[in-house]
Every structure is written in structure tokens, then in C-alpha cells.
Amino acid sequence: MTTTTKPAAPLAATAPRRVGPVALGLRQGRLEITQFLRSRESVVFTMGFPVIMILIFAAIFNNKIAPGVSYTQYFITGMIATGLMTVSFQNLGIWIPIERDRGVLKRYRGTPMPKWVYFAGKVIMVVAIGVVETVLLLAVSAAFFDLDLPATAGRWLTFAWVAVLGVTACTLCGIAISSLARTARSGSAVVTPLALVLQFISGVFFVFTELPTWMQQVAALFPLKWMCQGLRSVFLPDGFGAQEAGGSFELGRVALVLGAWCVIGLLLCLTTFRWTTRRDG
Amino acid sequence: MENELAIAVRGLRKAYGDNVAVAGVDLDVRRGEVFALLGPNGAGKTTTVEILEGYRRRDAGEVRVLGSDPAAPAADWRSRVGIVLQGTGEFDELTVGEVVRHFAGFYPDADDPEKVIARVGLTDKARARTHSLSGGQKRRLDVALGIVGRPELLFLDEPTTGFDPEARREFWGLIRDLAAAGTTIVLTTHYLDEAEELADRVGVIAGGRIVEVSTPEQLGNRQSALTTVSWRTPEGVVESVQSATPTALVAELAGRFGGEVPGLTVTRPTLEDVYLTMIGHR
Numbered sequence: 001m002t003t004t005t006k007p008a009a010p011l012a013a014t015a016p017r018r019v020g021p022v023a024l025g026l027r028q029g030r031l032e033i034t035q036f037l038r039s040r041e042s043v044v045f046t047m048g049f050p051v052i053m054i055l056i057f058a059a060i061f062n063n064k065i066a067p068g069v070s071y072t073q074y075f076i077t078g079m080i081a082t083g084l085m086t087v088s089f090q091n092l093g094i095w096i097p098i099e100r101d102r103g104v105l106k107r108y109r110g111t112p113m114p115k116w117v118y119f120a121g122k123v124i125m126v127v128a129i130g131v132v133e134t135v136l137l138l139a140v141s142a143a144f145f146d147l148d149l150p151a152t153a154g155r156w157l158t159f160a161w162v163a164v165l166g167v168t169a170c171t172l173c174g175i176a177i178s179s180l181a182r183t184a185r186s187g188s189a190v191v192t193p194l195a196l197v198l199q200f201i202s203g204v205f206f207v208f209t210e211l212p213t214w215m216q217q218v219a220a221l222f223p224l225k226w227m228c229q230g231l232r233s234v235f236l237p238d239g240f241g242a243q244e245a246g247g248s249f250e251l252g253r254v255a256l257v258l259g260a261w262c263v264i265g266l267l268l269c270l271t272t273f274r275w276t277t278r279r280d281g
Numbered sequence: 001m002e003n004e005l006a007i008a009v010r011g012l013r014k015a016y017g018d019n020v021a022v023a024g025v026d027l028d029v030r031r032g033e034v035f036a037l038l039g040p041n042g043a044g045k046t047t048t049v050e051i052l053e054g055y056r057r058r059d060a061g062e063v064r065v066l067g068s069d070p071a072a073p074a075a076d077w078r079s080r081v082g083i084v085l086q087g088t089g090e091f092d093e094l095t096v097g098e099v100v101r102h103f104a105g106f107y108p109d110a111d112d113p114e115k116v117i118a119r120v121g122l123t124d125k126a127r128a129r130t131h132s133l134s135g136g137q138k139r140r141l142d143v144a145l146g147i148v149g150r151p152e153l154l155f156l157d158e159p160t161t162g163f164d165p166e167a168r169r170e171f172w173g174l175i176r177d178l179a180a181a182g183t184t185i186v187l188t189t190h191y192l193d194e195a196e197e198l199a200d201r202v203g204v205i206a207g208g209r210i211v212e213v214s215t216p217e218q219l220g221n222r223q224s225a226l227t228t229v230s231w232r233t234p235e236g237v238v239e240s241v242q243s244a245t246p247t248a249l250v251a252e253l254a255g256r257f258g259g260e261v262p263g264l265t266v267t268r269p270t271l272e273d274v275y276l277t278m279i280g281h282r
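First to last, the protein sequences are chains A and B.
So the first sequence is numbered by full-length UniProt numbering: it starts at 1 and just counts up by one.
So the second sequence is numbered by full-length UniProt numbering: it starts at 1 and just counts up by one.
Here chain A stands alone, though its shape is the one from the complex (with noise of 0.2 angstroms):
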């Protein structure tokens, strides 16, 4: 077709070689946790503020809300669900309005890089501070308040598909809402308070069957709800699935939601993103 004339390469040069497409996506990740861990405040804030709450919940309750079993028990489950929603949904929910303002994304679409290899970046990068900031609670929680850890394998694959479906559909919520903020700093005022809403009606302060009914219909449409349902089937003894407000952890229901917020999200982010702000059209 078109003689490719490229300026003066000279041919010695350290022959840089296209990077292939998992490189690329690691390296995506890599530039996105770097930029994460490097601003102070998303890991005081993303990573700190549910082993503060942990601490301050379990100082608050150190009593027992069963023979053997510590209030520490329920509120770990309510914590690394808090934990996973902000990483992922109010994380990227903040950030992206911030980058495409900033002009980021327009850049990134001024190169030859996949679009998919930008969401690939902060999938690893949601993953990763997911699993240390886990790692930590749990830590925190076995090491001060008498956590006990899950005991049988079973109930660490319940953890896994739980924690794995819960972050799936929050990363997608969040990339899909981030196009609603008009502005950088809008984003926060979008997300903030949702998330704040959520975490008050779906058991994550307090024991979700003591909440009125409709607010405990309003959670059961949102994900939140089903991944502290499900974390409490890993954290407490299985009598205590009687106690729930479907009288049993409803295992089966908590993938269906989970699975269903993942289908909207990604249908949201396929249908909504937006690469550039409003005002450049």
C-alpha cells in the first residue's frame, strides 16, 4: 500500500522488540500499582481504613456473641467486604473521572495500546492491594482479637469464589459509574456517599438482621450485602446460617447476585466508557 519512509533508524540500536500481549498487560499492572502505592493518600485511606474500623469495632465489642464464638467473627466478614468494595468500586470510581480529566485515558487512546490492556492494569492492580489488604485484616484480627481462621478447605474455596465474584463485579460497578462523574473531582461525590449507604444496609456496622426489612430489601439488590453474607458462612460456625434472613447462608443466591452484578457492570463499562471528558466530545 504506502512506502513506510521511518526516520533514520540506526540499525545498532538496542532492537526494541513489541512487548507481547500478557507483557503488556503485566506491565499495565505494574505502572498502576506503582502509581497507587506511591500516593499516600489512596494507601492510608484504601488500605488503612478497614484495619482502622477493625480495630476500633473490636476494641469496642470484645465481648462474645455466642459460647466460643467473638463479635470479631462477624465483623471480619463485614470488614474484608468493606475492604474489597473500596479497593475496587470507590478506588476506581475516584480515580478514573481523575485520570481522564487529567487527560490521561485521551493519551492512552493516542497510542497503539489495546483498550483492554488499561482495565487489565487495574484488575491486577485491584487484585493485588485486594489480597494484601486481606492478608492484613486477617493478620491483625488473629493476632489481636482471637480471629479464628477458616478451618477446613471447604470454607476457604467459599472465601475464594466469594472474594473473586465480590471484586469482579465491584471493579466492573466501578469502571461503568466512573463515567457518571462530569468532573476529577466529582468522582468521589459520586461514589463516597453510595458506598457509605451501602456498607450502613448491608451489615457491615451492624448485625444485618437487626436492620428494618426494607432496608434489608434495599442491600439485597446490591452486591455488598451477598459478599458479607457469603464471608459469614466462611467466618462462623454453620449454626449460624438459621440466623440469616433467608435462614440459611443462601450460598447458591449469594453467586447468582454476585454473577448478575458482573454481567451489568461489564454490559455498563462496554456500553458507557468514555475515554474523554464531556467537554471534548
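In case anyone wonders, no lab produced these hints; they're calculated from the structure.
Be a bit skeptical, because a hint or two may be false.
Pairwise CB distance ranges, derived in the manner of DEER restraints [unchecked claim]:
1) B/ALA71 - A/GLU41: 35 to 45 angstroms
2) A/LEU194 - B/ALA71: 35 to 45 angstroms
3) A/TRP116 - B/ALA71: 16 to 26 angstroms
4) A/ARG274 - B/SER240: 49 to 59 angstroms
Bear in mind that the values here come from a model prediction, so they are computed numbers and not experimental data.
Every residue, glycine too, gets a C-beta built ideally from N, C-alpha and C.
Keeping the supplied structure of chain A fixed, place chain B upon it in accordance with the hints.
Chain B in isolation, oriented as in the chain A frame:
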């Protein structure tokens, strides 16, 4: 013929609602040339360039950039085009070296990042976080990211806005080097001296249309335009005459005054005069 042209545009139109930003632009940019697009704010410069860069959709018209339609480009098209946008895309938490190396990885045939950093004069700042850079240094980083993929065609949107005079001179040197190496350069600017300094050809855009395309010397028939000769009469009044034959007029004046002509000035219209006339400000 197609191979000679880096950019070919015919009948380009773009409207935002009722506001027609680009109203039928025709434009050819040859391979290897430096082309400056001049025009006031709101003339359609940025819209035109962003359509060429593949950022915006057009309403009508034919557009070919390096043989591709930017709205549906060939697979390797993005790696052949370099873009320097108007002050965007900051990576505050990363260092200059990290950002340039990262972007180099997107291109199949990238330049050596350290060499690119040296070329834009940021070697001393390679380990500095980008938020610590001055405005001019940030702009040079923008350029580094625009050229690290060794583009055949480089777009520069108002590249020296906010530069001090020395930084502009340095920047012009960099653009000349790139042009000398064969890169086709399309630049938008407000600064006429910049266009005059760098461009092989200048296109003036106003009201969404190309008013004229010419070399900086010949824009608006500047060469043959009337020259203004002014002097002070013995009564102390400044007199000005527009003349097609200024040399003869000056000789005549010299005769009339019997030697030095008091307060003599002879001025050809500057590019700015011509430009302002073209865009209807004079």
C-alpha cells in the same frame, strides 16, 4: 500520488448541534513537510486536527492520514502517528524515565527511551517525579511521549503555549531536527513567528474553512503587497504612503530632503498583518 501525501482531506465537515465547527475543509500535507495550521480560537483548528488524529468523528468528507481513514484505521496506524495534545495526561506519581519507558513499550519499533529523554533535554530530570517539572519541562515530556514510537507523522497542538522565549527556541530546534530526520509534522499554533520559523507551508483556517495555504513568505501575497513608507515632514507631521515601488519613493524623498530623510521607516506587511487581514480582524 497518494504516497506523496501524508494527509489528504476533502470536504471535511463537523458540527456540534447547530454550531458548525468545520465547514468544508480541503487540505493536503506532503510527506516530510512541516505544515502549520494557523487560526484564531474557535476557528476549527483543534476539531480538524482531532479528526485527523482519530479522536473525533466527522459528519462528512473524505479523510486519509497515512493512507488510512482515522475513524477506522489500519492495525498499525496508531504506531505510525505521534500525538502531542494540548497539555494533558499527567502521571504525577511516576518519574520521567518510567513514563517514557512505559509508553515505549506500546510501540512495535520504539526509540531508545534514554535517547528520547536526552533529545528533549530532560536527562537531568529522568529520575524526577513528573509533578516536580516546570510547565516547559512537562511539555517536553509530552513531546517525548509523542516521538518515542518513532512516528512518521507527528501532530503538535499548540506546543509552545506558556514557554519562555529561550524554551521556545530550544523547542524549535527539536522540531527542526525531527523534520530533518524525515518526520512529517502538523502543528497548530497561535504564534505567527513560530509558523514562520518552522513551517514549510502554512494553512490559515477561519470560520471552519481554510482561507489560504501557502509558504509563510507568500501568504496573502505578502511579497507583492504594498510597502508602507513613512517619514516626518519639515512641519513635524508624520506622513505615510503605501507604495508598490518603495525604493523609488525613498530615492525621491532623499532628493527632496537633500540627504537623510527624517524619521524614515520602510515596512513590509508582517505575517501577522497579513494573517489578521485574512481572518477578518483588519
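Comparing the hints with the structure gives:
1. B/ALA71 - A/GLU41: 35 to 45 angstroms: holds (39 angstroms)
2. A/LEU194 - B/ALA71: 35 to 45 angstroms: Holds, at about 36 angstroms.
3. A/TRP116 - B/ALA71: 16 to 26 angstroms: Cβ of A/TRP116 to Cβ of B/ALA71: about 20 angstroms, so the range 16 to 26 angstroms holds.
4. A/ARG274 - B/SER240: 49 to 59 angstroms: For B/SER240 against A/ARG274, whose Cβ atoms are near 56 angstroms apart, the range 49 to 59 angstroms holds.
Violated hints for the displayed structure: none, as all numbered hints are satisfied.
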